[in-house]
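S.K.: Next come the chains, spelled out residue by residue.
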Amino acid sequence: MMKKILRRFRPHTRFSTKAGMSPGTLMRLEELDDDTITCYFTSYSKKHFDQTKEVKLNECTDILNTKGVGWLEVEGLSNTDALIALSEILKIHPLVIEDIQNTEHGPKFEGFEDYIFILIKSVCYDSEKKEANFNQWGFILMENLVVSFVESKEDLFSSVKKRLENPNGRMRNQGPDALLHTLLDIIVDNYFIAIEKLGDELERIEDDVLDDSDESIVREIHQYKRELVYLRRSLWPLRDVVRKMTFSDDDLLTKNTRLYWQDLQDHIIQVIDLLELYRDMISNVHDLSLSIISNRMNQVMKVLTIFATIFIPLTFIAGIYGMNFDFMPELRWKWGYFGIWGVFIAVTIGMIIYFKRKKWF
Amino acid sequence: MMKKILRRFRPHTRFSTKAGMSPGTLMRLEELDDDTITCYFTSYSKKHFDQTKEVKLNECTDILNTKGVGWLEVEGLSNTDALIALSEILKIHPLVIEDIQNTEHGPKFEGFEDYIFILIKSVCYDSEKKEANFNQWGFILMENLVVSFVESKEDLFSSVKKRLENPNGRMRNQGPDALLHTLLDIIVDNYFIAIEKLGDELERIEDDVLDDSDESIVREIHQYKRELVYLRRSLWPLRDVVRKMTFSDDDLLTKNTRLYWQDLQDHIIQVIDLLELYRDMISNVHDLSLSIISNRMNQVMKVLTIFATIFIPLTFIAGIYGMNFDFMPELRWKWGYFGIWGVFIAVTIGMIIYFKRKKWF
Amino acid sequence: MMKKILRRFRPHTRFSTKAGMSPGTLMRLEELDDDTITCYFTSYSKKHFDQTKEVKLNECTDILNTKGVGWLEVEGLSNTDALIALSEILKIHPLVIEDIQNTEHGPKFEGFEDYIFILIKSVCYDSEKKEANFNQWGFILMENLVVSFVESKEDLFSSVKKRLENPNGRMRNQGPDALLHTLLDIIVDNYFIAIEKLGDELERIEDDVLDDSDESIVREIHQYKRELVYLRRSLWPLRDVVRKMTFSDDDLLTKNTRLYWQDLQDHIIQVIDLLELYRDMISNVHDLSLSIISNRMNQVMKVLTIFATIFIPLTFIAGIYGMNFDFMPELRWKWGYFGIWGVFIAVTIGMIIYFKRKKWF
Amino acid sequence: MMKKILRRFRPHTRFSTKAGMSPGTLMRLEELDDDTITCYFTSYSKKHFDQTKEVKLNECTDILNTKGVGWLEVEGLSNTDALIALSEILKIHPLVIEDIQNTEHGPKFEGFEDYIFILIKSVCYDSEKKEANFNQWGFILMENLVVSFVESKEDLFSSVKKRLENPNGRMRNQGPDALLHTLLDIIVDNYFIAIEKLGDELERIEDDVLDDSDESIVREIHQYKRELVYLRRSLWPLRDVVRKMTFSDDDLLTKNTRLYWQDLQDHIIQVIDLLELYRDMISNVHDLSLSIISNRMNQVMKVLTIFATIFIPLTFIAGIYGMNFDFMPELRWKWGYFGIWGVFIAVTIGMIIYFKRKKWF
Amino acid sequence: MMKKILRRFRPHTRFSTKAGMSPGTLMRLEELDDDTITCYFTSYSKKHFDQTKEVKLNECTDILNTKGVGWLEVEGLSNTDALIALSEILKIHPLVIEDIQNTEHGPKFEGFEDYIFILIKSVCYDSEKKEANFNQWGFILMENLVVSFVESKEDLFSSVKKRLENPNGRMRNQGPDALLHTLLDIIVDNYFIAIEKLGDELERIEDDVLDDSDESIVREIHQYKRELVYLRRSLWPLRDVVRKMTFSDDDLLTKNTRLYWQDLQDHIIQVIDLLELYRDMISNVHDLSLSIISNRMNQVMKVLTIFATIFIPLTFIAGIYGMNFDFMPELRWKWGYFGIWGVFIAVTIGMIIYFKRKKWF
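Chains as they are written, first to last, in the working numbering: chain B, 9 to 369; chain S, 9 to 369; chain P, 9 to 369; chain C, 9 to 369; chain G, 9 to 369.
What the hints contain is simulated information worked out from the structure, not anything from laboratory work. Just so you know, not all the hints are guaranteed correct.
Because identical chains cannot be distinguished in the list, a pair is counted as satisfied if it fits within a single copy or across any two copies.
[Unchecked claim] Here are the simulated PhoX-like cross-link-like pairs (lysine-lysine), alpha carbons at most 25 Å apart as the crow flies: (1) Lys263 with Lys54; (2) Lys75 with Lys54; (3) Lys205 with Lys310; (4) Lys161 with Lys61; (5) Lys54 with Lys252; (6) Lys61 with Lys137; (7) Lys310 with Lys54.
Model the full structure from these sequences, guided by the hints.
M.R.: Below, the structure is given as structure tokens:
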């Protein structure tokens, strides 16, 4: 289980094979079978909308000269040569490509002269496996172009294309920064969905703890905490990234969208806030579960010990009259046996009263 | 129990149904039966006071042109179309309406060109259910108008209206910022009431812990901690909100009220301070309760074990003389049986003395 | 016990009765019997010294015109009307009076146009009850006047008056800021006394823990921690208050006293420092006490269990020869009984050697 | 084990022998056998590349006048006199040499008039011993020279030399800052390798905890935590060091490399980030392991106690009928013995049902 | 033990006797027998060196007019009158003397018009008592004079005097700031020695924990933690003090020594760093020791319980055949007794196999 999770955070490039190479050097990754890179290109303006279509790399050359706003989707990050070629066409720094390929990289915002580079992770909480799965997106915002990079295809942005098709849609009149904002907004909304599922999960765990705590709940709490750790790691730097965008005075981010960036930042803070709330809650639930398990255990041990304790003197008394002394007057008494039963019962009742009075059970 | 509590923090709009829509898009919320929005309007100046009355949306159009200070109360946030219509009348940005509808949103202060927007949660501690209940308020401060939004009716501000009726009341001479301050002050005073009830609760819990700790106290402490977590979450950002208002140089906030904002900020800091104090205290009480429970358990186990330990050698001795060896001289002695009783008593006393000396009980 | 302590921190005004009133509104407090306010007035300059005398409110009107430096002591905060009247005579903002009456308020420094307002708590550690008791002081520094407000009389400043009587005393030549500094310095020195007593207490607790830990020590540590929590709460904001005074450029604070303010700040930092040291120490002592209690418990349980374990096989062996089988050759042996004693002794010695070798006792 | 680890962090110079000497005084270190210092010198420019060769100290004098970019590697820090001599040749401050010799020193960046001084630790995680081993590097960046100091030879930079041999390599056209960046980049990449191994280790530990926790896992977790503590200690200040370099306006750091420094800083943040993630994870795993061990222990104790508890009343019943009363009617019944077996079985089944119903096993 | 330690941190002046006095008032300390103050004076310049000699207070008057650099050592802080007299000769503010006498005061740096005042604690770790002992030093740096105050004589600076005797020594050419730096450097170097001893101690404790944890190790860890708490308390503010000196633009601190102050600051950061490392380590070791003790205890209890559990059914079986029923066929069987031995052995082996399979021992 752990292996999968850590792998989610591992870059494809094992650094052990890369250390010692020149920085900015991109490697062909042997371990991946499929070297294909798939590009889709959509362009729109107030007047036209060109359907998304698959493009080849050599067709990308005139993308920069597209009319209106262009949106190039790049799927698959394993073919380093192709990405290098693309970066040369788009005039992107090779270090940017290196960051995009490093799927282990945290959220990042960097403003270059002609473009803005954003790295962000989308999240998808798998309720069954109880795992948060991450997918890293790279975005390049240029004067009239948004380029999105993602490793594995994820159908996150289909709604955007539908909205773009609508000739009266607000986005059709706006620049590429509005498109970028919409894409990021969808990613952040997906965090809310994950958070909601985590909230449901937390409720379920707390109910389980209050009803019937056993060892397995400890493991569930452990896994829950781990997912929170992962989510926090992805989200904390995100706040910074969006804050930088909100206050960036880059010409590529028009004034019109500033309020929307602020709104996005608000949403991220809200997500982080809920995450911290859940962290406090699961920590309280964890303490509670430990207390309940320990109390239950103590309860069992105490009842059993009291039970045993009652029988110990009885057994001793029975032992006394099992002795074989020649002269033991009680053994000869007619009512001795029934008397000893009376003693047994009296001792038992006496001890129960004593324990009750001491509130031991 | 948990379900209700988390629901208190849940927005009406489940994000799972909203993700992928354009930001600023407001949705009709299916799950609510009652779509009605109720508006009350009060206006006053030095000279006149117009009683609060229910107004319809189409009557709101000339609210902006009201004489003196106007106060529009909007109850019910579910009818998105109506809120949108109202926002257009009042020239409020749609993102503001979205924030107001998002009852999960934290406290917020935002200054726009023509108005100030404040989000704040009022609290009401239900001593019986031991739950803090929150109700989110949105306030818009305009040049001569305060608009308050709330989801469910709460009779918080009736005293304000009474004071406004009084023609010699201080507020009658002041602007809408004084009204806004009064409203916020009442909300903050309600935090004090909740804090006071929490203080009483804390005393009760500590007394219970010192008197008679059982498992249920652990659950009570858990719930108490949870309520503190909720309250902290609502209060911490509030401090920031009021600080921003105190130092805001917006024209809508006149100098006359500055001192009062500072006073409000002071009160919030005091509430937070008490909350932190309670947090430290409940944490100490929690530690104490664990120690006491564990000590009591240990005490029981120790006494029982000592009790059992005393009987173990006695039973062994009785067992010896229960053996059927042909030649066991003691069994033939005349005073053997009484002698063995002497041994029983001597062993018991000896062990009790030994245990006493070792301070084991 | 707790009730008293929390009450120490409770304002007289229960907010539950006050919420909904206009801010700055002062209430007559029903629950107090004695509504009297007592004022003492002292005035001095290089040349004259007017003995402290009880003044009535209507005599206070010309206090502002006193020659030299004046010191008005106000005892009793319950009579709101009288305080309001006084505030009007002295031209103090009603919010200041509200703060003074709120004995739950934390330390505060606020500079107004014509006066400086300081709120500070004096502390007195009651070694017997092991409680830190607080008394809130309000100070107003005016051009030639210091006004001190306190709820219940406390004989803290008698030494100051003696020093003022001395015509060659340094203070006789200095302004009211020197008087204020002296008063605050005495309050801070009282913190040192409380800290010293807490230090003695800490030593005693640690010695007790190392000598003879039982359940009661856990309660003592709990109480100690609680007192530290209270003291921290009073002291942390104090640091800020005095820092503000040190760096304040208010004309009322002359350059001559600046060094003394800095010295005062130093002392407060030192007190806080010691408090943090004690917090670390008591936390270590708490851990130690838990370890020692648990070790002792384990020790007892282990010895008793070993003891029981030795007798278990012996009892079994005795049980064997208590069986009534017709044919049990050992029972017929002449030395059988003595042989079985040999077995008992051998088993016992063998087990003791085994346990010793395993270092189990 | 610990001894070796702490020694890794110990400076060669025991301060106990050094205290009291003039600052800047360098001592001959007695405890090292090999006093030799080995220097290698490489020089390159666009046109030429002079193979690395061993140089003697007296040959170093004209190093500063080398053409193109020079790279002087100094191995062995024990010969203080030699280092002093070298520092005089290179005009480096003696305090710099003292810092380089102090292998306990943390990462450091300091800009001097004519040179930049950097201290940094390289790391190598030994998977077998489960130890992170550190090696401290000192770098001096001058106008046309990079000097690297290291205590023990480590074959870290062989790849750099290969790249320099290539006449078309990017570095051949760049200044000494590019060389320095390449060297630091390799060191940081080595942190990634260590982090990766730690990630594998963490997975292994978590699997072990979930499968089969015994005491040894607690020791492994302890060691893992310790290595994280060491790594954090080396890495946190590194972030600051590289941040300073990124924003340094020193002429020695050309604009061309700024982006690369930023990239390096990014990598360090990523490493720290992963380290913090691992810290949270191992802490969760530690809690989990304690819970699991304690649960397993409780499970064993509970089953054994229940087992014992079932036999206690049975033994008592057998004891009753082992008594020797003259008149015990049951003993005479024909089916008494079989009846008692029935009682034994009934009691056993009854107790098992009772325990099952109580969910005690 | 604790008493001594806290006393190390206690000022001589019990504040309980001092509160209420005018600030700056210095008291004669009754509890000290020896009121003597001892002064030594050394002066040196490039050309001359006047041997350290004991001076009397009335000889101090022309100290300020000494040629070259003067160094006045004052030993003994109890004679307040003498210190006041000295402060008047040297024109030092009485509050400075008060700070020097307050041996409880933390590190401090304060720049006055004509002099700089530094308070710093020297440390000496007593390996036998396992206690860090502190000695507070006050330094006054004047134009051509360094005054050092210390309560009890400590032979820390003898090496300095030897260096000053050397006419070619670097210090002979430098001002009093170089002397001050040398003195502080020695004090900081002494921290390294204490830290080293603590490091050895930590290694020893960890080895003990891994080898053979018993209760005493818990006490040792407790004491170790306490010493770290003390050291941290002395060191944290020291960092600030030296940082202030490094960046101070006071004329008394010449540019020549700036680099040395920075070096000193570096050393202090390194000491603090190691202290934090040790804190993390001892905390890990503490957790480990608790785990190991608890594991060992569990191990003992488990083995003993299993042992007892094996005998419980055996004793029951023996009890069965000790019953006196008239009709018990097994008792009459010829091989009954040997058969029962077979049952005993079979049950024992069966249970051992069962426990082994369950991995319970």
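S.K.: Next step is simple, just say for each hint if it's right about the structure.
M.R.: Outcome of the hint check:
| no. | hint | in the structure |
| --- | --- | --- |
| 1 | Lys263 with Lys54 | within (19 Å within a copy, 41 Å between copies) |
| 2 | Lys75 with Lys54 | within (11 Å within a copy, 44 Å between copies) |
| 3 | Lys205 with Lys310 | neither (40 Å within a copy, 37 Å between copies) |
| 4 | Lys161 with Lys61 | within (15 Å within a copy, 53 Å between copies) |
| 5 | Lys54 with Lys252 | neither (29 Å within a copy, 40 Å between copies) |
| 6 | Lys61 with Lys137 | neither (35 Å within a copy, 55 Å between copies) |
| 7 | Lys310 with Lys54 | neither (78 Å within a copy, 75 Å between copies) |
Checked against the numbered hints above, the structure breaks hints 3, 5, 6 and 7 and satisfies the rest.
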